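Undergrad: One-letter residues, chain by chain:
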Amino acid sequence: VAEHKKNRILVVEDDPAVLTTYRMLLEQQGYAVVSAESYDQAKRSLRDGNFDLLICDLSLEKQHSAFEVIEAARQAHPDLAAVVVTGYASPDEMSRAEETGVRVLLKPIEIEEFLSTIANALPKTYADHQKAKLKDA
Amino acid sequence: VVCDHTAKPILMDSSAQELLGPEGEGTDLMNPAQVKNRSTFDAYITGFTFSFTEEESSPLRLFNPQSRTDIEYDARSGKIYDQRGQVAYTVTVLRDLTAMRKLEQLRLERRMLEIEKFAATGRLAGTIAHEINNPMEAIKNSIYLLANAVKPEAEPVYEILKTETERVARIVRQMLGLYRSPQAAGNVDVNTVIDDTMALFSRHLERSGIQVKVELDKTPAIVGSFDQLRQVLSNLVVNAKDSMSSGGKLKIRTRHLPSNDGVHGWVRLLVADTGSGIPGNIVSTIFEPFVTTKGEKGTGLGLWIVKNIIENHGGKIRVRSRVDTGTVFKIDLPVVR
Chain Y
1 VAEHKKNRIL VVEDDPAVLT TYRMLLEQQG YAVVSAESYD QAKRSLRDGN FDLLICDLSL
61 EKQHSAFEVI EAARQAHPDL AAVVVTGYAS PDEMSRAEET GVRVLLKPIE IEEFLSTIAN
121 ALPKTYADHQ KAKLKDA
Chain F
1 VVCDHTAKPI LMDSSAQELL GPEGEGTDLM NPAQVKNRST FDAYITGFTF SFTEEESSPL
61 RLFNPQSRTD IEYDARSGKI YDQRGQVAYT VTVLRDLTAM RKLEQLRLER RMLEIEKFAA
121 TGRLAGTIAH EINNPMEAIK NSIYLLANAV KPEAEPVYEI LKTETERVAR IVRQMLGLYR
181 SPQAAGNVDV NTVIDDTMAL FSRHLERSGI QVKVELDKTP AIVGSFDQLR QVLSNLVVNA
241 KDSMSSGGKL KIRTRHLPSN DGVHGWVRLL VADTGSGIPG NIVSTIFEPF VTTKGEKGTG
301 LGLWIVKNII ENHGGKIRVR SRVDTGTVFK IDLPVVR
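Note that the protein sequences, when read in sequence, are chains Y and F. So that you can map any letter, position 45 of the first sequence is 45 in our numbering, and since no number is skipped, the others follow by simple counting. So that you can map any letter, position 187 of the second sequence is 187 in our numbering, and since no number is skipped, the others follow by simple counting.
In isolation and in its complexed conformation, chain Y is listed as follows:
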């Protein structure tokens, strides 16, 4: 039996402790996770691999923002799904997220909401695949 392809998620967060917990939470759910602590590291990871979803902290180190990472990622994959996490978003940033088609989660994030938002943001095919699997069982 061929093992089904795991969804690949890139997590970008400049606080290492938070990054570790996000990675572990997602791995617990069976996702394949690559983590990046900075804008440059995120760009390198984007170059090296394909992702189904990008999770990114809004304000990164050296004044970089999640929107830069999303822009860079979508140059290669225009319809890559993304979720932004942050402690605070100004009204301008909120409307920019809406224009970009990105969900914003405010920290501290309820873990159930975090996981369900991610499941919903992932490309439909995987969800359908899961549903089909449930039906078969």
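One thing to keep in mind: the hints can contain errors.
[Unchecked claim] Taking CB as the label site, the calculated pair distances span:
id	chain 1	residue 1	chain 2	residue 2	range
1	F	PRO135	Y	LEU115	20 to 26 Å
2	F	HIS204	Y	GLN41	41 to 47 Å
3	Y	GLN75	F	THR285	53 to 59 Å
4	F	LYS117	Y	SER116	38 to 44 Å
5	F	SER208	Y	GLN75	36 to 42 Å
Read the hints as simulated data drawn from the structure, not as lab findings. All values reported here derive from a predicted model rather than from experimental measurement. All C-beta atoms in this analysis are idealised placements derived from N, C-alpha and C, irrespective of residue type, glycine included.
Starting from the structure of chain Y, add chain F where the hints point.
TA: Same frame as chain Y, but now just chain F:
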């Protein structure tokens, strides 16, 4: 000042005579200040005498011989009719509002200072919350990740760790609500605050089965902070929503309440819900910090913040509530003409 149907003054007290000269046409006045005052007054009273309004109040700038400066008087006039219903006389009272206005100006300045101070405190609280937020996020996630690694005898401690962390997380969330870009106090239209806030909440309320009714009267601008008033309204709307877990009605209404002293006035804001209400034993302490009806889910800071903001704006807030029937918040914000 009593004038006849041709708008000619026929009876004046001594202080009115000081300003406008003796009764009569005023054609023989010699004092230039009185000539000027008389023409200002004539224009006003002629307009009123031949208008269709029964009473009128209007500011008049007249030269005051005591202070030797132009002063704004508040003129209020009424009509006396004869048997045929024609205007027979008009009666006008002129009041010097300088002292009152000066006092009002002082109050206004103090209020603006309080609003700025609150904004600064809020920013401080917000900045601290901002710094606590990431460690908080890591702690909360770690607790979740450790769920399966806890020994049975440690379960009660783990539960405490979990619920107390959630409580701190909520307080941090609430404090982050105060973290906004600095914005000075200025003229604010309460109705715009409402439109702005409700645009944010309307879909959310609809999904929760809450019918929203907004009735906005035409209201004058008040002096205050747009952001802080939006915070007030958001907190009240969120509370209303939380109290109507199985749907209900939310009504928001504004009205202009002019006062009859010519200087003051109020914008009244009503926020009423048909929710679970506040129990009688805590309704009197509901504006104090850390008092909540939401048990584990509340921070007890929302209404305390609301009250602080309203009082800094020189306003008043009252609450009426009945369990299982609903709650009404009544806010009066001062208007200075």
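Undergrad: Each of the hints needs a verdict: does it hold here or not?
TA: Tested hints:
no.: 1; hint: F:PRO135 - Y:LEU115: 20 to 26 Å; verdict: holds, 21 Å
no.: 2; hint: F:HIS204 - Y:GLN41: 41 to 47 Å; verdict: violated, 37 Å
no.: 3; hint: Y:GLN75 - F:THR285: 53 to 59 Å; verdict: holds, 57 Å
no.: 4; hint: F:LYS117 - Y:SER116: 38 to 44 Å; verdict: holds, 41 Å
no.: 5; hint: F:SER208 - Y:GLN75: 36 to 42 Å; verdict: holds, 40 Å
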